[in-house]
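Trainee: Here are the chains, one letter per residue:
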Amino acid sequence: MHTRNHPLLSARRICRSFGQNQVLFDIDLELVPGEVHALLGENGAGKSTLVRILAGYLSPSEGEIRLEGELRRYRSSGDAEADGVVMIHQELALAEQLTVEENVFLGREIRRGPFLDHRAMRERCRAALAELETRVDPRTRIKDLSTSDQQMVEIAKAITRDVRVLIMDEPTAALTEHEVEVLFALIARLRERGVAILYISHKLREIERIADRVTVLRDGRLIDSAPMAGRSKEELARLMVGREISDMYPERTELASDAEVVLEARDIVVPGAVKQASFTLRRGEVLGFGGVVGAGRTALIEAVLGLRARSGGEVLRNGQPVALRHLRDAVRQRIAYLTEDRKGKGLVLNMGLRPNLTLLNLRAYCRPLIDRRREEQAFKEAVERFDIRLRTQAATAAELSGGNQQKLLLAKVMSIDPEIVVINEPTRGIDVGTKHQIYHFVRELTEAGRSVILVSSEMAELIGLSHRVAVMCAGVLTGVLEGEQINEQEIMQYASGIKGVGADEQRRA
Amino acid sequence: MNNAVPDNKSLTQSRVSVDLKTWGPFIALLALAMLGVLINPAFLGLDNLSNMLTRSAFIGIIAIGATFVITAGGLDLSVGSMAAFIAGVMIILMNSLVEQFGPGLTTILLGIGASLLLGLCAGFINGMVTTKGKIEAFIVTLGTMGIYRSLVTYLADGGTLSLDWGVRDIYRPVYYGHLMGIPIPVLVFLMVAVAGYILLNHTRFGRYCFAIGSNEKVAEYSAIHVDRIKTMTYMLQGVCVALATIIYVPRLGSASGATGVLWELEAIAAVIIGGTVLKGGHGRIWGTVVGAIMLTMIGNILNLTDAISNYLNGTVQGIIIIVAVYLQRASWRKSAP
Chain F
31 MHTRNHPLLS ARRICRSFGQ NQVLFDIDLE LVPGEVHALL GENGAGKSTL
81 VRILAGYLSP SEGEIRLEGE LRRYRSSGDA EADGVVMIHQ ELALAEQLTV
131 EENVFLGREI RRGPFLDHRA MRERCRAALA ELETRVDPRT RIKDLSTSDQ
181 QMVEIAKAIT RDVRVLIMDE PTAALTEHEV EVLFALIARL RERGVAILYI
231 SHKLREIERI ADRVTVLRDG RLIDSAPMAG RSKEELARLM VGREISDMYP
281 ERTELASDAE VVLEARDIVV PGAVKQASFT LRRGEVLGFG GVVGAGRTAL
331 IEAVLGLRAR SGGEVLRNGQ PVALRHLRDA VRQRIAYLTE DRKGKGLVLN
381 MGLRPNLTLL NLRAYCRPLI DRRREEQAFK EAVERFDIRL RTQAATAAEL
431 SGGNQQKLLL AKVMSIDPEI VVINEPTRGI DVGTKHQIYH FVRELTEAGR
481 SVILVSSEMA ELIGLSHRVA VMCAGVLTGV LEGEQINEQE IMQYASGIKG
531 VGADEQRRA
Chain L
14 MNNAVPDNKS LTQSRVSVDL KTWGPFIALL ALAMLGVLIN PAFLGLDNLS
64 NMLTRSAFIG IIAIGATFVI TAGGLDLSVG SMAAFIAGVM IILMNSLVEQ
114 FGPGLTTILL GIGASLLLGL CAGFINGMVT TKGKIEAFIV TLGTMGIYRS
164 LVTYLADGGT LSLDWGVRDI YRPVYYGHLM GIPIPVLVFL MVAVAGYILL
214 NHTRFGRYCF AIGSNEKVAE YSAIHVDRIK TMTYMLQGVC VALATIIYVP
264 RLGSASGATG VLWELEAIAA VIIGGTVLKG GHGRIWGTVV GAIMLTMIGN
314 ILNLTDAISN YLNGTVQGII IIVAVYLQRA SWRKSAP
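So the sequence lines, in the order shown, correspond to chains F and L.
Going by this note's numbering, the first sequence opens with residue 31, and the numbers climb by one from there.
Going by this note's numbering, the second sequence opens with residue 14, and the numbers climb by one from there.
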């Protein structure tokens, strides 16, 4: 245990409004050197607004920020960074066309006279990357890196600064398990060095592991702030949501023994991503897809749905071969796809909510011109059915909170009344309350005789919801687990190629 | 929790800012017109107004097509030379048809048909190469711009292609004629604008253009045939160019390597002045119409005054384009949270 030092960064009675809409009410927060302070709250609770204020991206409407007792008024993130207050973003903020080292030193290039000192920058960049145990070459361009590597670069960028307060907004959302471990080790080292760390995450298990102190926000108000020691995940979840969450995973729907196969994929090959993968999906079933990021799950699913080119294999719908060359063909077969990237692929952020809702099935609202009244009606129904909370008069999808965007996307996907719903990472970056709703929604789907394919990196989700779990490793579908086999250990072994199809080749490689 | 009712205040606020964005180009046009009247009362003369609208019809019709292309995230630089090329082919075709059909309606209708077909094909080529070849629209249309320009120069053998005098007499009313007191080019302009408005704002095609221009990936994941829709915008642009050419040819009855020079930039300027976002995702047909009229009006006003030399037309146009976009961006900034 650490003895609690004087706070390094303290925020007092912070309020913030956007126009008429107040999102933060009198928040106090103290960050102490050598302490990992976790910030918890549902989506829209005000966490991101609060940390953006601390890091100088926003100014508070009221209240003050002090660094070592001295009043600070940051007018930009640059001001805060000059004080050693650095934030790692949830959305990656890297210049795609620049190299890793150029990004790491962007805006604070090391110079020798008027010229850039490439060698010094490369060396320091390499050292930072080595500390993160990544194999990224400082000369690679960002656009050629995977998302998880990009996240590591973002972290490297932060630690090459003279950082005193490090703010991390959902840093592990895009990382693999190994990278998470490396990050945690790094956090431990930074803590030793006396850095004050503010850590935002929805993953209570992570919080349990690394946090010294936890602050919970709900609806813009500070609910609780206390040491982590002696607290349970359940207690934290309850504080966040404001009510007890029981039955996180609803009971699975009973599957008829003679339930027919509604979708079958045979020997799907995607060049460079998937090797000869086959699976079946039965009526009323939840088929989980497990594996680490980059194992080829999304590639397989998207190749089946016609979103990606495949070089081999066939797809059968209700036993009949179908040619799905474009997502539209899949929609005609009443297959809906919920993408994992809701901002990049799911919703048109600068468009209104109604056009977003109807975009997938716009045909149904045309006679032949678009009927706005029908759109409005559909929107009202969706708000009702999917419990989309319009806390403010949101004109565009960008103005909704993450959880509500997810619900809007769900409503959009369901607008085609699908028989098969493919859900990719349904709960990435959303809060416990919304997660709970989405799990129950999956149950409702299967109860109504629809089938679900669930691609998820969250083990608990796969185990809690799936009837069967297909596991992939490096493009190979290593096995389909059933019943008792569905547990964390088995899934991990199949996901790492220790067990299942191609295990020998994996070992040899 | 229930879904909170939006409070009235924020509602009215957003409405006001939207209105400013929508009406900005119209207000600017009105201000420019008032300036015109102050400078020279002859500005308001019926002849002057109808003349001005007639002249703005070419750019206007082309710009309406460009609104679709730009809204869907594309760009077409080839429209000016495409117009010249189509005009050249039309003239050669009609001249050769005179021998067979005489200088009659058949000849002209065949010429018009050929023009539309050519426009459609040229647009199709632009669209296919950008979408299937995955090359930036700027590069593709820069290439076709050069190709069409040189083709028309080649066809004219470096000189001018002239329309047969007999055909010219019959074709003449398409530019110089009136219907219900309104010049025919203005009528065509108006019809294209109304059709464009409906297409962009009230059909699936239009909605898809917005979605594609905003985020192509999202469109793809919304089961939209992105390549098909984008190609269609270029084809629509081609048809608009053909229509503009059809009413342009009877005006001078000739085409040369100098026909339609810089039209592409004027069309793009009209689109941008009208409030369409250059990088796509948001388009406004009536804004484009206003933009096209404004550009012509500037030249017209300079003609009516001695205060500023007519040679400075480009300077004034340039300033107005920049100011118009600056004002739009400023209001964007303010309304953003």
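To be clear, the hints were calculated from the coordinates, so they are not data collected in a lab.
Please note that the accuracy of each hint is not assured.
To be verified - Computed cross-link-like contacts, DSSO-like style, restricted to lysine-lysine with a CA-CA straight-line distance of at most 30 Å:
{"hint": "1", "chain 1": "L", "residue 1": "Lys145", "chain 2": "F", "residue 2": "Lys233"}
{"hint": "2", "chain 1": "L", "residue 1": "Lys292", "chain 2": "F", "residue 2": "Lys263"}
{"hint": "3", "chain 1": "F", "residue 1": "Lys173", "chain 2": "L", "residue 2": "Lys292"}
{"hint": "4", "chain 1": "F", "residue 1": "Lys173", "chain 2": "L", "residue 2": "Lys230"}
{"hint": "5", "chain 1": "F", "residue 1": "Lys529", "chain 2": "L", "residue 2": "Lys145"}
{"hint": "6", "chain 1": "L", "residue 1": "Lys292", "chain 2": "F", "residue 2": "Lys233"}
{"hint": "7", "chain 1": "F", "residue 1": "Lys305", "chain 2": "L", "residue 2": "Lys147"}
{"hint": "8", "chain 1": "L", "residue 1": "Lys230", "chain 2": "F", "residue 2": "Lys410"}
{"hint": "9", "chain 1": "L", "residue 1": "Lys292", "chain 2": "F", "residue 2": "Lys305"}
{"hint": "10", "chain 1": "L", "residue 1": "Lys145", "chain 2": "F", "residue 2": "Lys173"}
{"hint": "11", "chain 1": "L", "residue 1": "Lys230", "chain 2": "F", "residue 2": "Lys263"}
The model shown is predicted, which means the values in this text are computed figures rather than measured ones.
Trainee: Now tell me, hint by hint, if it's right for this structure.
Mentor: Each hint, compared with the structure:
no.	hint	in the structure
1	L:Lys145 with F:Lys233	43 Å, violated
2	L:Lys292 with F:Lys263	46 Å, violated
3	F:Lys173 with L:Lys292	21 Å, holds
4	F:Lys173 with L:Lys230	16 Å, holds
5	F:Lys529 with L:Lys145	42 Å, violated
6	L:Lys292 with F:Lys233	38 Å, violated
7	F:Lys305 with L:Lys147	27 Å, holds
8	L:Lys230 with F:Lys410	26 Å, holds
9	L:Lys292 with F:Lys305	39 Å, violated
10	L:Lys145 with F:Lys173	22 Å, holds
11	L:Lys230 with F:Lys263	37 Å, violated
Hints 1, 2, 5, 6, 9, 11, counting from the list given before, are not met by this structure.
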